[in-house]
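*Asks:* The whole structure should be built from the sequences, with the hints applied where relevant.
So the sequence lines, in the order shown, correspond to chains A and B. Numbered by our numbering, the letters in the first sequence go through residues 1 to 289 in order. Numbered by our numbering, the letters in the second sequence go through residues 1001 to 1182 in order.
Read the hints as simulated data drawn from the structure, not as lab findings. The reader is advised that the hints may include incorrect statements.
[Said to hold, decoys possible] Not the full set, but computed from the structure, chain A residues with beta-carbon under 8 Å of chain B: (1) Lys40; (2) Ile42; (3) Ile56; (4) Thr68; (5) Pro103; (6) Arg105; (7) Gly180; (8) Gly194; (9) Cys270.
Where a beta carbon is used, it is the ideal one built from N, C-alpha and C, also for glycine.
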Amino acid sequence: MAKISKKNIEEILIEAIEKAETELPKDVIKALKKVADIEKGIAKIQMEAILENIKIASKEGIPMCQDTGIMTFYIQAGTEFKYLADLKKMLGNAVKRATKETPLRPNTVNPFTGENLGDNLGRNIPYISWDMVKGSECMIHILPKGGGSENMSALWMLAPGEGFAKAKKLIVGHIINAGGKPCPPTIAGIGIGGGADICMQLAKKSLLRKIGEHHREKKVAKMEKELFELINKTGVGPMGMGGATTVLDVHIEYAHRHPASFPVGLVLQCWANRRKVIKFEKNGSIKVI
Amino acid sequence: MKKIHLQTPLSTKDIKKLSIGDTVFLSGKLFTARDQAHKKMLELKKKGKKIPFSPKEMVLYHAGPVVKKERNKWVIVSAGPTTSIRMESSESKFLSLFGVKMIIGKGGMGKETLKALKKTGAVYVHFTGGAGALAAKSIKKVEKVYFLEELGIPEAIWILEIEKFGPLIVTMDTKGNSFYEK
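*Replies:* Dropping the structure here:
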């Protein structure tokens, strides 16, 4: 726990980004260990390599995956948070400095010219999602998202009559086709309803949940469990090499929909489910979880 | 399913012995090449220009590393494999032009590459996706980097000295077998 001052916020942000890249959250490590225990043959070799890899990364403080991702921040900010106006700039600076200091791979490229300025900044990047709440606290979720898993995202605009039954089939089929590409065992984030953009955002935001943390509504939690079992029955397995575990968890978030549409978004997160949370408390202290 | 240690330059004999499911640990030299580096090398060849290193004696690694400079020397920080299928459209040509005997990547490749592997006597081996720190531990030295300024860090060609790099699983062999087409 550190006291807040404008000067040290940037340092804390850099440290949190570095920790996100080098250490996995406990719930993820626990889930990966469980998979290594139950898998056999080539799948087990993959899981053992993953466990060895995360051990080296956290011990030596180096990024566990060379794809250190595109920096994405989800902020729940109190409207009276003292540094609200400076936060965007501070995050940009922190990303730039972490790119040099951790170091991270420079991943932001101009989509047309391919130019890479080498600092992980660019138009609309880092991506920041703002949620305003009452009060003086602030919570920042860091989600570095790799390209391999992001490339396996999908959006379906279904007919409402087809609904969730059709969505389940499409999601399972999609994950079979994706095979080893999104680096399984993955976490499947699913957004339903809202609109094309809304369901995709919900799908990605659901990845902030811990492994084993289910939707607060029982009915939705049951749908998560059903999909979890269906996907793991496919046999895609760790790295697509065949096995009992294709997903570590399934998270669903929803929004109410237009009566004419049933949007379904799917965002996969690789096994390197890197997340960190920074909490600015009311009493002026900062926690990195 | 055997466990095999290999050393570059790889011989045809070494490669022909490998079958799907074998685990390989590799020592010697590799070069990294992703989308842009494939394009660049094919362009140079087309123009009749010289490739500044000898791809034939090394192994091709689909990867874009995290690097840093320490005392004026490049050091590889993290270097796991990238998704190989992105290189599918140029790989068969690449194999026949450059005579590479082994490709390391993740996720596997398609029919055209499988045909080219059989024709040129090469294999594709899978390395655990995301295992960047594990890979870096087996990378002993950065021998050289090419096209860094033009292509940027992830897309540049890094020539690396490796020791017991793996575990690599053979998933496409010289006999036309592919794990991905089962």
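*Asks:* What are the numbers of the hints that this structure violates, sorted from low to high?
*Replies:* Of the numbered hints, 1, 8 do not hold.
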